[in-house]
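Colleague: Kindly produce the complete structure, drawing on both the sequences and the hints.
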Amino acid sequence: MLNYRLRRREPKERPPPDYDDRYEVIAEYKAGDGKRPVIPLIFKFLREGTLVKYLLILLLVLNLLLLSTLALNAWAAYELSSAQSNAAEILAGRHTPFVKAREVGVTGDARIIELTFSTGVDALDSLVWVRRVYVKVGVG
Amino acid sequence: MSDADVADVYVNFDALLKVYEHFVRKLPKEAMGFLLGDRYTYRGKEWIEVTDYVPVEAEASETRVTPLEGALVKVGKLLQRKKLLIVGWAHSHPGYGCFLSNIDVETQRRYFPYDYQVALVVDPYSMEYDIFVLRGDTYVRPYFKEVIKRG
Numbered sequence: 060m061l062n063y064r065l066r067r068r069e070p071k072e073r074p075p076p077d078y079d080d081r082y083e084v085i086a087e088y089k090a091g092d093g094k095r096p097v098i099p100l101i102f103k104f105l106r107e108g109t110l111v112k113y114l115l116i117l118l119l120v121l122n123l124l125l126l127s128t129l130a131l132n133a134w135a136a137y138e139l140s141s142a143q144s145n146a147a148e149i150l151a152g153r154h155t156p157f158v159k160a161r162e163v164g165v166t167g168d169a170r171i172i173e174l175t176f177s178t179g180v181d182a183l184d185s186l187v188w189v190r191r192v193y194v195k196v197g198v199g
Numbered sequence: 047m048s049d050a051d052v053a054d055v056y057v058n059f060d061a062l063l064k065v066y067e068h069f070v071r072k073l074p075k076e077a078m079g080f081l082l083g084d085r086y087t088y089r090g091k092e093w094i095e096v097t098d099y100v101p102v103e104a105e106a107s108e109t110r111v112t113p114l115e116g117a118l119v120k121v122g123k124l125l126q127r128k129k130l131l132i133v134g135w136a137h138s139h140p141g142y143g144c145f146l147s148n149i150d151v152e153t154q155r156r157y158f159p160y161d162y163q164v165a166l167v168v169d170p171y172s173m174e175y176d177i178f179v180l181r182g183d184t185y186v187r188p189y190f191k192e193v194i195k196r197g
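Chains as they are written, first to last, in my numbering: chain A, 60 to 199; chain B, 47 to 197.
Don't read these hints as lab results, they were simulated from the structure. Relax, there's no trap hidden among the hints.
Cross-link-like lysine to aspartate or glutamate pairs, in silico, EDC-like; alpha carbons within 16 Å at most:
#, chain 1, residue 1, chain 2, residue 2
1, B, 91, B, 161
2, A, 94, B, 174
3, A, 103, B, 60
4, A, 195, A, 173
5, B, 128, B, 84
6, B, 195, B, 98
7, B, 195, A, 83
8, B, 72, B, 169
9, B, 195, A, 80
10, B, 75, B, 103
11, B, 91, A, 69
12, A, 195, A, 168
13, A, 71, B, 92
14, B, 91, A, 77
15, B, 72, B, 103
16, B, 129, B, 98
17, A, 89, B, 51
18, A, 159, A, 173
19, B, 64, B, 103
20, A, 195, A, 162
21, A, 159, A, 181
22, B, 75, B, 169
23, B, 72, B, 105
24, B, 64, B, 169
25, B, 123, B, 103
26, A, 103, A, 83
27, B, 75, B, 105
28, A, 71, B, 84
29, B, 129, B, 84
30, B, 64, B, 98
31, A, 103, B, 67
32, B, 91, A, 72
33, A, 159, A, 148
34, B, 64, B, 174
35, B, 195, A, 79
36, B, 195, A, 77
37, B, 129, A, 69
38, A, 195, A, 148
39, A, 159, A, 138
Modeller: Okay, structure coming up:
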């Protein structure tokens with residue numbers, strides 16, 4: 060019974076899947092090649108777990124965004140804290156190009172200087188939590 | 047690509063997945079089924095495509111599997127409907143690797159005697175599998191490729 064069709068059917072001429080655009084060869088194994096075939100379940104996940112896949116990609120993107128934001132804020136904090144000790148120089152136009160200084164007032168003998176961190180890209184700047192600090196610079 | 051790169055067997059991923067899912071459902075016992083597909087030639091070389099798998103109801107233990115009476119009749123009807131050939135059989139070796147035992151070789155020789163008919167063995171625990179064909183008194187791995195049909 061198992062061979063009922065075999066007796067009636069001769070093999071048809073047809074190019075193998077390697078030549079057929081509808082197919083993709085994902086692995087190949089030969090006698091004695093030492094490779095141990097494993098059921099490629101990753102393809103099931105990639106094809107059927109569409110929702111899970113998109114959630115994971117979304118999570119990955121959010122993680123990258125969070126990491127970039129943290130790195131950007133760490134950089135801003137470093138730039139501003141080092142600028143605080145050189146406020147007068149920054150006011151004179153020397154020092155880092157990412158921190159701008161502006162005199163906003165005078166109190167007694169001291170000047171109040173506003174230090175603003177800016178990358179030059181508004182979208183990036185909007186991600187910085189503390190962009191502006193004030194420092195008093197004494198005179199004489 | 048040269049003609050020498052044409053494999054003996056092309057296993058469709060969907061069929062492989064069906065085999066695996068059936069065998070996992072039947073754990074810790076062995077399970078078996080038929081590989082369906084068709085045989086073709088290309089520039090004089092014969093190759094087969096495994097496109098589907100049909101589980102066979104069987105009496106199984108952890109180390110042995112025998113088809114139940116009546117199970118083969120169901121398969122025969124399915125074959126008529128799908129216009130496919132039996133291009134081999136698949137069975138599981140839960141936890142003891144992929145090879146053909148003496149009983150498996152005898153089963154292959156008796157029920158799957160054609161050159162193109164293959165035996166697929168899967169260890170569902172390790173997810174490993176292998177494909178064999180009989181050559182004389184022993185069995186060898188043919189040149190085979192896993193394929194995915196797009197779309």
